[in-house]
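Trainee: Letter by letter, the chains look like this.
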Amino acid sequence: MSGTPRSPALLRTAGLVKTYQAGGVTVQAIRGVDLELAAGEFVAIMGPSGSGKSTLLHMLGGLEPATSGEIWLQGRRVDGLSSAEWAILRRRHIGFVFQFFNLLSTMTVADNVELPALLAGATGRQARARREELLAELGVADKAAWAPARLSGGEQQRVALARAMANQPSLLLADEPTGNLDSRNTRDVLRLLCREHERGQAILMVTHDARVASLADRVVNLFDGMVADDAPVVPVPRGGNGIRGVMELRG
Amino acid sequence: MTGTVRQPLLALLAKEPAHGYELKLALEQTFGAAYPSPNIGQIYVTLKRLEHDGLVSSQDVEQDRRPNKRVYELTPRGREALRAWVDAPSDGPRVRDDFFVKLILAPMAGLADRMELMNKQRRHYLGMMRALAELHSETDPAEVAARLLIEGAVLHLQADLDWLQRCQEELL
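These protein sequence lines are chains A and B, in that order.
Residue numbers for the first sequence follow numbering that gives the first Met the number 0, beginning at 0 and rising by one.
Residue numbers for the second sequence follow numbering that gives the first Met the number 0, beginning at 0 and rising by one.
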C-alpha cells in the first residue's frame, strides 16, 4: 500500500497508525486505517468513545502527527509535512468545525470569519465581501459586530461554519459539530452542512449522533482504532416493513 | 394486525358514528404518511368482529344513486373497552427484540459472525433513519401528530443504535 494513489480521491489514507506513550505504556489509538474520500463526498465516522474517531480526524487535518502510514490530499502526500506546512495547507484547502466552536473570544464575529481569508492572502475588501456573504447565508449577519460569547451555541456554530468555509476549502473536517447543540440547533446546523454538501462540498464528520450520520453518503464505523465497517447509507423503501415496523402504533 | 386496528377504530367512533371509508381517511389524516394505515379490507373485517363482540353496532343508510353505506357507532360495551384501553399503561416497544435474540443465538449455533450481524443491522438502522429524516422534511409542520410520530420513531431508532454500540463494546 504505497506509491501514487490509483484514483483521483480527494483524501486517502493507507495503513495509518497513531500510538501514544502514556506512563511508559504504548497505547495504540489508530491501528492501520485505510480510508478514501472522493471529491464532493460526505462521509460520517461513528464508533464508541475511545475508538479513535477524533484522533483520526485530527491527524487528517494535521493537528496531530501520524505515527506511521500515509495521508494523501488531492494527490499529494502530506503526512510528512511540518506543522508550518500543515498550517498553510489547512488555510487553503481544509476547513475545520469543532464541537466547542473554538471562536477567538477577543475578536468580533466578523473578524473571526475574515481572519482565515486575510491569512490566505485575500485583500481586506475581498475578506469582508466573503464574510458578509457567508454570515448572511447562515443567518447571523446581524451579529457581525458582536463578541462570540454573546451568541447562543447554535449561532456560534454557524459562525464557526462560516469561518471554516471562508476560503472555500476542498475538504471540510467536522468533529462532533452538533455535539453541544440542542435538537433544534442541531437541525439548523445540519441543514446548512447538507446545503454545502449539495453544492459539492466534501465533508468528513465525526459524530456519535445517528441522526446526523444517516444524512451522509457513507458511514465508517471505527472500533478499537480500526475500520469495522464502511458502507453507503441506503434509505429503506417507504411502505415496506422497514419504516412501518418502526412506526407501528401499539394498542 | 387487526389487534392494533381495533382500538383506533373504537376511539374514532367514540367521537361520532362513521362508515368504514371515513374511518380510514380519518386515520390517514390524523397520523400522516408515516402511519401504517390499515387497508380498507382490514377495516371492514375489524368492524365486523367488533360488531360480533358487541362493541359497535351498525345500520344501513340509504344513499342517492349509490349502494347503501353501513354506518357504525360505539355501544356502551365498546365505550367500556375503550376506557380500559385508555386507562392501561402501554407496554414498552422493545421487550422482545428480534435482532438481539439473533445476535446472541446465531453465533452460538455457528450460523453467523457477530461483527457481520452488527454491521448489517447498523446499516439497516441508518437506512431507516435516513428514510425517516426524508419523511420528516416532507411532512407539513402543521401536521403535529404526523411529525411527532416520526420523531418518536427516530428516537426509538437512536436508542436501538446506542444499544447496538453497547453490544459491540461488550460482545466483541
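To be clear, the hints were calculated from the coordinates, so they are not data collected in a lab.
Think of the CB as a built atom: it goes at the ideal place given N, C-alpha and C, for glycine as much as any other residue.
It is possible that part of the hints are untrue.
[Unchecked claim] Derived coverage of chain B by chain A (criterion: at least 3 residues anywhere in the stretch with Cβ under 8 Å from a Cβ of chain A; other residues may be distant):
id : stretch
1  : 120 to 128
2  : 131 to 145
3  : 149 to 159
4  : 164 to 171
[To be verified] Computed list of lysine to any residue pairs in SDA-like fashion (alpha-carbon distance at most 20 Å, straight line):
id : chain 1 : residue 1 : chain 2 : residue 2
5  : B       : K119      : A       : A230
6  : B       : K119      : A       : A227
7  : B       : K119      : A       : D228
8  : B       : K119      : A       : P64
Trainee: All hints are to be evaluated individually against the structure, with a verdict given for each.
Mentor: How the hints compare with the structure:
1. Counting residues of the stretch 120 to 128 of chain B whose beta carbon lies closer than 8 Å to any beta carbon of chain A gives 8, which reaches the threshold of three, so the coverage claim holds.
2. Look at the stretch 131 to 145 of chain B against chain A: 4 of its residues bring a Cβ nearer than 8 Å to a Cβ of that chain, three or more, so the hint holds.
3. Figure legend: the stretch 149 to 159 of chain B, annotated as covered by chain A; annotation consistent (6 residues with Cβ-Cβ distances under 8 Å, at least 3 required).
4. Only when three residues or more bring their CB closer than 8 Å to a CB of chain A does the claim for the stretch 164 to 171 of chain B stand; here the count is 4, and the claim holds.
5. A C-alpha spacing of about 10 Å is found between B/K119 and A/A230, which places the hinted pair at or below 20 Å, so the restraint holds.
6. Pair hint B/K119 plus A/A227 holds up; C-alpha atoms about 11 Å apart against a cutoff of 20 Å.
7. Simply put, B/K119 and A/D228 have alpha-carbon atoms about 9 Å apart, close enough for the 20 Å limit, and the pair holds.
8. Restraint check for B/K119 and A/P64: the C-alpha separation of about 33 Å exceeds 20 Å, so the hint is violated.
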